[in-house]
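Engineer: This is what each chain is made of:
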Amino acid sequence: AQSVTQLDSHVSVSEGTPVLLRCNYSSSYSPSLFWYVQHPNKGLQLLLKYTSAATLVKGINGFEAEFKKSETSFHLTKPSAHMSDAAEYFCVVSGTVNDYKLSFGAGTTVTVRA
Amino acid sequence: DVKVTQSSRYLVKRTGEKVFLECVQDMDHENMFWYRQDPGLGLRLIYFSYDVKMKEKGDIPEGYSVSREKKERFSLILESASTNQTSMYLCASSRFAGTVTYEQYFGPGTRLTVT
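Read top to bottom, the protein sequences are chains A and B. For the first sequence, the working numbering assigns the number 2 to the initial residue and increments by one for each residue that follows. For the second sequence, the working numbering assigns the number 411 to the initial residue and increments by one for each residue that follows.
Be careful, since some hints might not be right.
A partial selection of chain A residues facing chain B, derived with a Cβ cut-off under 8 angstroms [unchecked claim]:
no.	residue
1	F35
2	K43
3	L47
4	K50
5	F91
6	G96
7	K102
8	L103
Derived by calculation from the structure, the hints in this document are not laboratory data. Beta carbons: idealized from backbone N, C-alpha and C, even for Gly.
Kindly produce the complete structure, drawing on both the sequences and the hints.
Structural biologist: See the structure below:
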């Protein structure tokens, strides 16, 4: 079965500095990987997805993630944090072939300091 | 854009009440999902449906049932609400196409409090 571990439960950055959210996954199959963002009292919004094409994936709002198979990682980065990036972020991995269920990490809460 | 709507944003119910949470999607997606979200636990799958009248249990189905009579609508039912079912409930939908896992689109959530 697949699983995902988000290595930091909370990340605090200053506005204008880089953001790094770390995610490791485990899967016996070549997975699809996703990052979602959730602002307070809102549903989840897709930031980006990896589906076996380019290993560097660009998403919305300046975020990008790099798939590293050798390290089983899918870390999310943004060069310059904005106050509006304060939210909770979830790393998500797909199941096996024909399995459309997703496994969610526990989430990383990002705080942005002015 | 895909739109997933949920019938209520906030709901307060008493212990033992029967509770219905409704979800509607407008993009003709085959798959629909119900999750609950609790602090520190991420999202946990309760049930999902891959076609009308078809359903499968997720990771935490106990105390819940579902209904999918029409493709666009997926209902979550708490037969007898209990305080440990106080949570945020999220509905999602996705396409289905064989070996490809498509992203899920989420509704805004229903925050249910059982007193």
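Engineer: Hint A/F91 vs chain B: min CB-CB distance below 8 angstroms?
Structural biologist: Check passed: Cβ of A/F91 comes within 6 angstroms of chain B, closer than 8 angstroms.
Engineer: Given A/F35 was flagged as interface, is its beta-carbon under 8 angstroms from a beta-carbon of chain B?
Structural biologist: Given a least distance of 6 angstroms, the restraint on A/F35 holds.
Engineer: Taking the closest Cβ pair, is A/G96 under 8 angstroms from chain B?
Structural biologist: holds, 7 angstroms
Engineer: Does A/L103 pass the interface check with chain B, least Cβ-Cβ distance below 8 angstroms?
Structural biologist: holds, 6 angstroms
Engineer: Going by Cβ atoms only, is A/K50 closer than 8 angstroms to chain B?
Structural biologist: holds, 5 angstroms
Engineer: Is the interface hint satisfied for A/L47? The criterion is a beta-carbon contact with chain B at less than 8 angstroms.
Structural biologist: Interface hint status for A/L47: holds (5 angstroms vs cutoff 8 angstroms).
Engineer: With 8 angstroms as the cut and Cβ atoms as the points, is A/K102 at the interface with chain B?
Structural biologist: holds, 6 angstroms
Engineer: So, as I understand it, the hint says A/K43 touches chain B; can you test that by seeing if any CB pair is closer than 8 angstroms?
Structural biologist: holds, 6 angstroms
Checked against the numbered hints above, the structure violates none of them.
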